[in-house]
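Engineer: Please put together the full structure from these sequences, using the hints given.
From first to last, the protein sequence lines stand for chains A and B. So for the first sequence, the numbering used here puts the first residue at 1; every next one is plus one. So for the second sequence, the numbering used here puts the first residue at 1; every next one is plus one.
Please note: incorrect hints may appear among the correct ones.
[Stated by the list, open to error] Computed list of lysine-lysine pairs in DSSO-like fashion (alpha-carbon distance at most 27 Å, straight line):
#1 200/B <-> 39/B
#2 4/A <-> 257/B
#3 25/A <-> 63/B
In short, the hints are calculated from the structure, not lab data.
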Amino acid sequence: MQAKWGSRVAIYCVNVNDGADLVRKWWKEQGFPMPVVVQPQGQVSRAFGVHTLATNCVVGPDGVVRYYSVGYDEAAILRAVEQSLAGAP
Amino acid sequence: MIITVIAPLLLQAAARQDPAPAADPARARYEAAAAQWRKAAAVDTAFQFHMEIPGEDGAEPQKLEGSFELRLARPLHGTLKMEQQGMSMSYLADGQKVYMVDVDAKSYTEVGDKLTDVPFVQDFIPLRVWSDPEATAPESVELVQDAARPGVDGLKFQAEDKTEILWVDERNDVVAATWVGSEERPAIEFSFSRWSTPEKVDLADFAAKLPEGYTVMEDGGGFDMEASLLAVGSAAPDARMTGMDGQALTIAGLRGKTVLLNFWFRH
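Structural biologist: Set out below in structure tokens:
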């Protein structure tokens, strides 16, 4: 996904509460290419109101929330990113 | 209740063929503490907990910490708040019913009409005994000591699936608790900074009120996981995250790019 969009899209996997050391180790073991970030106080989840997992959120270049999905619908997520890139509301 | 307490003693005595059964000191110690909890009008307590979730495949255990603040009066007044890793959870009893309150989602769910409908009250022996006069005594109780806790008795309860040690001082105040880990549940250490069981209280001091402007969750079960999400079209909050290299990162700092956030956890 990242390769397709280049630097116009930033993808982050936000860990909810596993602790930085555990996340670092596991992410390395799994060899995932996406950047992973942690939030020691759960501040990102709380700010976005995320209460469940497999939540995805797309924020537009203007800093406005464009899309959410709960569950994993890859096609819908890709569509939301494409729409954001195209400047669609 | 009397029968359940005496019967095991009689059976034990019969097995030993003692003419005069010796009192079980562990059982007597438990009953002394339980008597104190039963006559309390309220429990006002605060404690921290430390939990270890065993790592899979030899990985380091995961450590979680949090705190509870609980002020409850019989029959149905008060509040319980839990904080863990930035997540908070809240229950309140308004004199009629018990509610679970989701501060983030500005909503509440009715969970029942007894204090034992609050999960921690049901799970924690002193609170269950205090809130429910019909609560049965634990089947197995042993007295244990810990050199690091002088003047404190350990009441070790063993049930089929769990082992718990409750540390009580000479006033029968709870100072700590240890839930021994098993395959079914992680080990948890509780350490109490406050434990007060007054025999008389003014219920008005414990009265809790549902916050104004909150909506009722109709399902009566858990939360609506999507109701709390920030609305599409609103400005993304400038929350700070930390990258694996320790570098700080903010949503505002990514302005100009489309950002895809995927929220996940392992456990």
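Engineer: It remains to establish, for every hint, whether it holds in the given structure.
Structural biologist: Comparing the hints with the structure gives:
1. For the hint pairing residue 200/B with residue 39/B, the CA-to-CA distance comes to about 9 Å; that is within 27 Å, so the pair holds.
2. Proposed proximity of residue 4/A and residue 257/B is supported: the alpha carbons are some 14 Å apart, at most 27 Å.
3. A distance of roughly 15 Å separates the Cα atoms of residue 25/A and residue 63/B; the hinted pair therefore holds under the 27 Å criterion.
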